[in-house]
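*Asks:* All chains, please: the whole structure from these sequences, using the hints.
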Amino acid sequence: VSALTRLSWISAAMGPVDTRVLLLPFLQSYQLSRRESDEILCVLAAQWRAVARGVVGVLKADEEERERRLSLLGSADASARRDESAAVTRALGEIAGALEPLAAKEEKCIRDEAVTSLLYLLRFFPDFRSQQAFAQRFLLPIASRLLHSDSGLFFSKCSAAKLVPALYAYAAPAAGQVDDGVEKEKTEQEEGRDQRPAASREASAPEEKRVESEDSDLRRPELNLDRSELRSLFEKLLTHEALLVRRDAAVEVPAFVRHWRRIRDQTRQSACSEDAAQTLEEDPQGLGDFFLPTLKKMIADTIDFLRAAAVGSLLQLALLFPSASSQTFSASAVFPLLSAAVSDPSWRVRAVVARGLAALTAAFPSQFASQFYPCLQPLLRDSALRDVRQAAIRAVGEIAEVLPADEVSEYLVPLVPQLLQENAMSPAAAAAGVLPVVAPPTLSSPLLCNSPLLAPVLEVALPVARAAGAASAQTVLASLALLLNSREESHVRMTLAQHAGEFCALVATQRPAPDCPEAVRLVEGLCSALGATAGGGDWTLRVEIIKQVVPISKAF
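In case it helps, the working numbering puts the sequence shown at residues 1 to 556.
Worth flagging that the hints you see were computed from the coordinates, not collected in a lab.
Just to be clear, a hint being listed does not mean it is correct.
[To be verified] Pair ranges (Cβ atoms, derived):
{"#": "1", "residue 1": "V1", "residue 2": "R542", "range": "44 to 54 Å"}
{"#": "2", "residue 1": "D304", "residue 2": "V550", "range": "48 to 58 Å"}
{"#": "3", "residue 1": "E502", "residue 2": "A3", "range": "48 to 58 Å"}
{"#": "4", "residue 1": "S2", "residue 2": "D150", "range": "34 to 44 Å"}
{"#": "5", "residue 1": "S29", "residue 2": "H148", "range": "25 to 35 Å"}
{"#": "6", "residue 1": "D301", "residue 2": "I546", "range": "52 to 62 Å"}
{"#": "7", "residue 1": "A333", "residue 2": "R258", "range": "16 to 26 Å"}
[As the list claims (entries may be wrong)] Cross-link-like lysine-lysine pairs, in silico, DSBU-like; alpha carbons within 30 Å at most:
{"#": "8", "residue 1": "K547", "residue 2": "K236"}
{"#": "9", "residue 1": "K108", "residue 2": "K236"}
{"#": "10", "residue 1": "K108", "residue 2": "K296"}
{"#": "11", "residue 1": "K236", "residue 2": "K296"}
{"#": "12", "residue 1": "K297", "residue 2": "K236"}
Since we're looking at a predicted model, the values are computed, not measured.
Where a beta carbon is used, it is the ideal one built from N, C-alpha and C, also for glycine.
*Replies:* Quick look at the structure:
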């Protein structure tokens, strides 16, 4: 394993030519001899990326060296450069062939590294046309074979579910359409063969036959897939009998749009031809409508992690398509499904909604009062403390940063006193088992009196008060002052002491007069732990209060 991690050094020492001629065949045979060693195969699947860099000759980190080497793949001016480009392309194709069996392994870590390495090979081509030609010649056939694998195991289909969305933009737009990338590459190769001397043409005759054989394999119907066929095959993965295949496919549905937009943006930024840009002008919003019925059916599945994957994909699709009247896919089709997900019996599904509410509010702030706030309220009182309720509480602070001040004051500020009251248990109540404890106690607090949810509430109190304004900050500050009378743990006082100056500054902007009872009660509550009856308190708390003397003095 340690030796495999040094393949980048070996490739750098050998050079591109020797790496292609000597190291590449050795690693292929080595992989075959270690088929049962999962640890070695996992490392090797990742190290194929270093070998690919050695094959191309990109062995330095600076951008100039990378651009210089990649320009050789895209240029077809000189015969030597054309030959090197063909040799590098064939070597990268051999690496892709070595990664194919790794993408069908049972171990998930091996499959994930193999898929990452397969997609990494596209980075060595400078423009969309060369990437499309390589993808249609090597990667799409690999994805097709993984989809149609009849080995009896479903692991290859899990890898295909990750490959198909990333390669979708490189497939032919429709059935029967000529593959411009492959045809262009083939035409350039034929022109280069005509310009070479007779001796050179005779020497390369066996290699040309091998390439023609590969092209004939590429024209097989089950390997040369267009975009409509890829969508249909991916939809079958969403309804596959294997649960893991269905879950992986559901998670990857938004990747269709993300990869499409990434490739389209890269094509527009680079100096590509107009026909290449027009190839990506197809609106990817139809992908959301295409898979939406299947995802809605999956929400009603009896398996909870399938429902969670479907809900997560629908939320991601909604974020990818902000609301607009001209779009074919509208996020409003997803919002009605949130209420059912919030009341789902499985905590996994509810946790997905709790983690996604902040992002949804940032993308659709106008929908918070009507759609998201009714979902937030039950999540803040969910029975799954760590996975659902904590995520919902932390979402309150993130939501406060994107909403206008009036909505924060109306909806979020009243939540802070309620959350403090519900989650601030007294030691007697905790000992009685009112609420299960899932967090370890602090050093200065007895066992079972440290609420796991109080710390997140204290963390979001300041963002909510800051976003609501000075008037509403008084309500939050008064609730925190009352909390100090019922909680004696040092971690509670420490959290409040760290932000005491900021809270006082918020209140002082509204009422700069000396009488600020909320701030006075907060400071007195913090200092009560330093009295003689408390033994002087924790020294770290004393240090923190000393730090806050100057900010509090500046506020008043």
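*Asks:* Indicate, hint by hint, whether the structure satisfies it.
*Replies:* Consistency of the hints with the structure:
| no. | hint | in the structure |
| --- | --- | --- |
| 1 | V1 / R542: 44 to 54 Å | 51 Å, holds |
| 2 | D304 / V550: 48 to 58 Å | 52 Å, holds |
| 3 | E502 / A3: 48 to 58 Å | 54 Å, holds |
| 4 | S2 / D150: 34 to 44 Å | 38 Å, holds |
| 5 | S29 / H148: 25 to 35 Å | 27 Å, holds |
| 6 | D301 / I546: 52 to 62 Å | 58 Å, holds |
| 7 | A333 / R258: 16 to 26 Å | 19 Å, holds |
| 8 | K547 / K236 | 62 Å, violated |
| 9 | K108 / K236 | 21 Å, holds |
| 10 | K108 / K296 | 27 Å, holds |
| 11 | K236 / K296 | 15 Å, holds |
| 12 | K297 / K236 | 13 Å, holds |
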